[in-house]
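Visitor: Heads up: the sequence lines are chains A and B, in that order. Each residue of the first sequence is one higher than the one before, starting from 2 at the first, in my numbering. Each residue of the second sequence is one higher than the one before, starting from 288 at the first, in my numbering.
Rather than coming from a laboratory, the hints here were simulated on the basis of the structure. Heads up, some of the hints might be wrong.
Said to hold, decoys possible - Per the computed footprint, the stretches of chain B lying under chain A, defined by three or more beta-carbons under 8 Å from a beta-carbon of chain A, are:
hint, segment
1, 319-328
2, 366-376
3, 404-414
If you're wondering where the values come from, they're calculated on a predicted model, not measured in any experiment. Here a beta-carbon is modelled for each residue, glycine too, at the ideal position from N, C-alpha and C.
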Amino acid sequence: MNERGNLLVFLILGFLGIALIPPIILAVFPPAKILFQAIMIFVLYSLVRGYMGSGILTIIITAILVWLLVFKYTYIFASVYVMQMLLMVGFTSVIMWGVGTSVRKH
Amino acid sequence: MGMEMYAADFMNIGQMLSDFNLIIKIFVMMTVVSFVNNHIENKNLGMIIMVFMFFFIFGNFWAFFGGVYIIYVLLMMGASAIMVDWFFMGGAGGQQKKPKGGIQNEISGVDMVRRRAGVQANMARMGGGAGGQPMMRRPGG
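Could you build the full structure based on these sequences and the hints that come with them?
Guide: What follows is the structure, given as structure tokens:
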């Protein structure tokens, strides 16, 4: 495998490592899980209301999304949500820069 | 309750993909409703267009529109920055190899002095040069 291939593997490993941090925190500290679920309920309701406006349909869609994302797939959603946050603030560039420079030193 | 549940999610991958498909469909539906409400003020016309779009998107072309929606969301979130960084890092990773042996590409004052000294040493060894042309010397030097 050439240097670009190595870099790609290390970048994927770096992103996977960061994506695994939220589920581990939620599993190790149960209060963090409750806090995360409470925050996500508000976030989802706010998101759906932004799309649909206030109404009964908003409540129904929020309930479906909360059940699926917050309660059924809590850990996967935590990973995805944190990665999305990092992506939106541009932190992925820092990750790529850090992993890339570390790999090239060796 | 804990990480076992996390692993259990991946065990039942068919159910998980089905649920994620439903979630994406809900988000697409919300996007369409928001788009129509923002662009069409007439409620009845908006309803007709919405139904038409739902029929079109969730019908036979869902595989296409679902993929396009995911790409659209990723681009809106700034996923293109990842690609830009990746190409920068990959491009910088392949360092230029220095030529082995022969004359090196970089030219500096020190390099020129060394070359000139080497040529002079060769010519001195050969007894003044085969062509009879000695190295250029400064007048009076």
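Visitor: Now, for every hint given, state plainly whether the structure supports it.
Guide: The hints, checked one at a time:
{"no.": "1", "hint": "319-328", "verdict": "holds (count 3)"}
{"no.": "2", "hint": "366-376", "verdict": "holds (count 6)"}
{"no.": "3", "hint": "404-414", "verdict": "violated (count 0)"}
Violation of the numbered hints given earlier is confined to hint 3; every other hint is satisfied by the structure.
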